[in-house]
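2 protein chains.
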Amino acid sequence: MISEKMRPLVENNSAIRAMFEEGKKLAALYGRENVYDFSLGNPNVPAPSAVNKAILDIVTEEETTMVHGYMSNAGYEDVRDAIAQSLNRRFGTHFRLENILMTVGAASGMNVILKTILNPGDEVIVFAPYFMEYGSYVRNYDGVLSVVPPDTETFQPDLTEFERRITEKTKAVIINTPNNPTGVIYSSETLEKLSEIMRGKEKEYGKSIVLISDEPYRELAYDGAEVPYVTPFYHNTMVCYSYSKSLSLPGERIGYLVIPDEVDDFQAVAAAAAIANRVLGCVNAPSLMQRVIMRCVDEQVNVDAYNQNRELLYGRLKEYGFTCIKPQGAFYLFMKAPVDDKEFCQFCKEHLVLLVPGSSFACPGYVRIAYCVSYDQILRSLPAFEAIAKAYGLGGNKEGDA
Amino acid sequence: MISEKMRPLVENNSAIRAMFEEGKKLAALYGRENVYDFSLGNPNVPAPSAVNKAILDIVTEEETTMVHGYMSNAGYEDVRDAIAQSLNRRFGTHFRLENILMTVGAASGMNVILKTILNPGDEVIVFAPYFMEYGSYVRNYDGVLSVVPPDTETFQPDLTEFERRITEKTKAVIINTPNNPTGVIYSSETLEKLSEIMRGKEKEYGKSIVLISDEPYRELAYDGAEVPYVTPFYHNTMVCYSYSKSLSLPGERIGYLVIPDEVDDFQAVAAAAAIANRVLGCVNAPSLMQRVIMRCVDEQVNVDAYNQNRELLYGRLKEYGFTCIKPQGAFYLFMKAPVDDKEFCQFCKEHLVLLVPGSSFACPGYVRIAYCVSYDQILRSLPAFEAIAKAYGLGGNKEGDA
Numbered sequence: 005m006i007s008e009k010m011r012p013l014v015e016n017n018s019a020i021r022a023m024f025e026e027g028k029k030l031a032a033l034y035g036r037e038n039v040y041d042f043s044l045g046n047p048n049v050p051a052p053s054a055v056n057k058a059i060l061d062i063v064t065e066e067e068t069t070m071v072h073g074y075m076s077n078a079g080y081e082d083v084r085d086a087i088a089q090s091l092n093r094r095f096g097t098h099f100r101l102e103n104i105l106m107t108v109g110a111a112s113g114m115n116v117i118l119k120t121i122l123n124p125g126d127e128v129i130v131f132a133p134y135f136m137e138y139g140s141y142v143r144n145y146d147g148v149l150s151v152v153p154p155d156t157e158t159f160q161p162d163l164t165e166f167e168r169r170i171t172e173k174t175k176a177v178i179i180n181t182p183n184n185p186t187g188v189i190y191s192s193e194t195l196e197k198l199s200e201i202m203r204g205k206e207k208e209y210g211k212s213i214v215l216i217s218d219e220p221y222r223e224l225a226y227d228g229a230e231v232p233y234v235t236p237f238y239h240n241t242m243v244c245y246s247y248s249k250s251l252s253l254p255g256e257r258i259g260y261l262v263i264p265d266e267v268d269d270f271q272a273v274a275a276a277a278a279i280a281n282r283v284l285g286c287v288n289a290p291s292l293m294q295r296v297i298m299r300c301v302d303e304q305v306n307v308d309a310y311n312q313n314r315e316l317l318y319g320r321l322k323e324y325g326f327t328c329i330k331p332q333g334a335f336y337l338f339m340k341a342p343v344d345d346k347e348f349c350q351f352c353k354e355h356l357v358l359l360v361p362g363s364s365f366a367c368p369g370y371v372r373i374a375y376c377v378s379y380d381q382i383l384r385s386l387p388a389f390e391a392i393a394k395a396y397g398l399g400g401n402k403e404g405d406a
Numbered sequence: 005m006i007s008e009k010m011r012p013l014v015e016n017n018s019a020i021r022a023m024f025e026e027g028k029k030l031a032a033l034y035g036r037e038n039v040y041d042f043s044l045g046n047p048n049v050p051a052p053s054a055v056n057k058a059i060l061d062i063v064t065e066e067e068t069t070m071v072h073g074y075m076s077n078a079g080y081e082d083v084r085d086a087i088a089q090s091l092n093r094r095f096g097t098h099f100r101l102e103n104i105l106m107t108v109g110a111a112s113g114m115n116v117i118l119k120t121i122l123n124p125g126d127e128v129i130v131f132a133p134y135f136m137e138y139g140s141y142v143r144n145y146d147g148v149l150s151v152v153p154p155d156t157e158t159f160q161p162d163l164t165e166f167e168r169r170i171t172e173k174t175k176a177v178i179i180n181t182p183n184n185p186t187g188v189i190y191s192s193e194t195l196e197k198l199s200e201i202m203r204g205k206e207k208e209y210g211k212s213i214v215l216i217s218d219e220p221y222r223e224l225a226y227d228g229a230e231v232p233y234v235t236p237f238y239h240n241t242m243v244c245y246s247y248s249k250s251l252s253l254p255g256e257r258i259g260y261l262v263i264p265d266e267v268d269d270f271q272a273v274a275a276a277a278a279i280a281n282r283v284l285g286c287v288n289a290p291s292l293m294q295r296v297i298m299r300c301v302d303e304q305v306n307v308d309a310y311n312q313n314r315e316l317l318y319g320r321l322k323e324y325g326f327t328c329i330k331p332q333g334a335f336y337l338f339m340k341a342p343v344d345d346k347e348f349c350q351f352c353k354e355h356l357v358l359l360v361p362g363s364s365f366a367c368p369g370y371v372r373i374a375y376c377v378s379y380d381q382i383l384r385s386l387p388a389f390e391a392i393a394k395a396y397g398l399g400g401n402k403e404g405d406a
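In order, the protein sequences belong to chains U and P. The opening position of the first sequence corresponds to residue 5 in the numbering used here, with each subsequent residue numbered one higher. The opening position of the second sequence corresponds to residue 5 in the numbering used here, with each subsequent residue numbered one higher.
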């Protein structure tokens, strides 16, 4: 019954599902509060109170058939305009409502872009470590993923290798900053160099190469770190945004695409993207949530809560002797595994600590710790992390640990 | 920039878009209330008051990170269970939550099924007239649409031609009852015959053939007409349902799939469908709306309002001399065009009446009138319909009309 394309996804999925089921079993055996689940990117910080207030106000103030009704496949015009104006205020851009297309989250936005531009065999470049789902999105449209190996010193993109990988078949490049799973942010200098390379290759091959910027973590940056807006760097940039993390609404599936005027064939691309949104079956982004965004366009979650988690976890892991870079943004910490990452995750699970192996992000030898959990869960998990470190003989430079 | 697959969609879309823009122009010129737009299936009857009450209650009573958070890709288990129980109560079925997968409306549900089962070149049979988007959904997965020509006497499926069209490449059959655009309902007898043919062909070719029942209009049936539940007739049936019409929530994108235990390879199909829901970018159906369905599972819109529209419009159109069958369900009336359907739509537009040509449903010579508008709009439009009838010399059997 299952299509050829879905078969490997089902087989591959069962391993993850088995892990998930094991986690549930552990929780049943030892009690939920004694299992330290750092595997999922499901925000623990609640949506700002303005979100629920907006829902209540909309339901009582706005006209019901409009609130729950169809609108243009691209979304309500007033919502798109509000988002364009907000971006312009914050980043000095010059977007109009025609540059904004409301989507069922960023994942759907990525599918919309890839359906719009990919022909079978087109190559899409990603930088390891990368969010594994990108591969599925690209293969949905018979594209081919081309992976730039990780620079495990800095986890910044290896631009020399990147330039080498661009071929005449390259149609798109995906970046994700702040990054899942590393938490690094690409600097203006990095974006400038990356753009220069892409401009050069566009000229060399006489074709358009699209830069897809997947930005669900844009608002989660720490220590005043700047997350440069990408569209001014490179003309063929399209942005996938989601409110899943910035407003803690991952289940609501609300986000948008930015397709700037500067994109080649802008009119056709914008029209095709709206149609792709429809024929992929989304039709439009959920209507009530669009109305909510209209009223909450400049709101954001309490980033301090994530920062407290980051400081506590990073500080203690270093203290216990683990190796990791300090995340600048997002809510993930990418830590070196003292042994094979899958073996390490297995060992951690025995200590009731659930992590995701770096292999799942094309970067073996590391593990991802999602710290979008309660501060209390991190506190309670620390003895387990310490015991794990000791078991591997880490923390040798402190008294009596080795 | 645009992919080969999207190009015809963009070109084809521009004609519809031009018509839509023309409608807006007409409204600006003559006033919105003097333009009679029957082109769209956007419900005018508001959602039951229980829906907005449920939203208010959920936001104040349920835990925010749960209401707006991620859940399983298949949806909240309690919501899926509530739907299964409701179906069992109403149709004597035996579904469990594992048979229900929450989707971003029925359009997305169709995409999920087709992605799950189609290999390139697989044929999918539809009965004309049919909702044009089916073709796009099938082509998304490189399937090939096979169209059974319409029986314009009854608009019931032509089962002789259907049997002839099933080949060893046939993977699925799509039915839509109550039907868009004709309003007909398939009887138990029809479903039984159709199922018999499919069982025979499954045996003949030694393969599974899936019956996809697209049911957004299930709850809209008039004069006590029965809409038989399809799964008991045929083992490989999957149902695409949406609350767009039954609760007037088309913008919210909330619906579900039913994948019964009897489907071949049930476990694999159900697992693959949940993954397809994720990798197509939906991830899950909008979370707050899932919670709303939990509380409104047995609610429905005021069907009487649509029935009043139906009676008024059908009665008058017949009186003016038009030819049409009386719709048994849904909120469309499929009327014979006295001349070429596109030419007729053009003429109607000059009388400020906006209709969709039957050609857009693979059934030229007819027009679709969406009567999900206000009763008042229908009343106001009657002189225009009468004038149009007179212009074509219809209604000849009444005094002095010919």
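A portion of the hints provided could be inaccurate.
Pairs count within a copy or across copies, as identical chains cannot be separated in the list.
Claimed, not checked - Here are the simulated EDC-like pairs of lysine to aspartate or glutamate, each with C-alpha atoms no more than 16 Å apart in a straight line:
#	residue 1	residue 2
1	Lys28	Asp265
2	Lys205	Asp61
3	Lys173	Glu303
4	Lys173	Glu8
5	Lys28	Glu81
6	Lys394	Glu137
7	Lys211	Asp146
Everything labelled a hint here was simulated from the structure, so no lab data went into it. Remember, it's a predicted structure, so these values are computed and weren't measured experimentally.
Task: Hint numbers not upheld by this structure, sorted from lowest to highest - done: 1, 2, 3, 6 and 7
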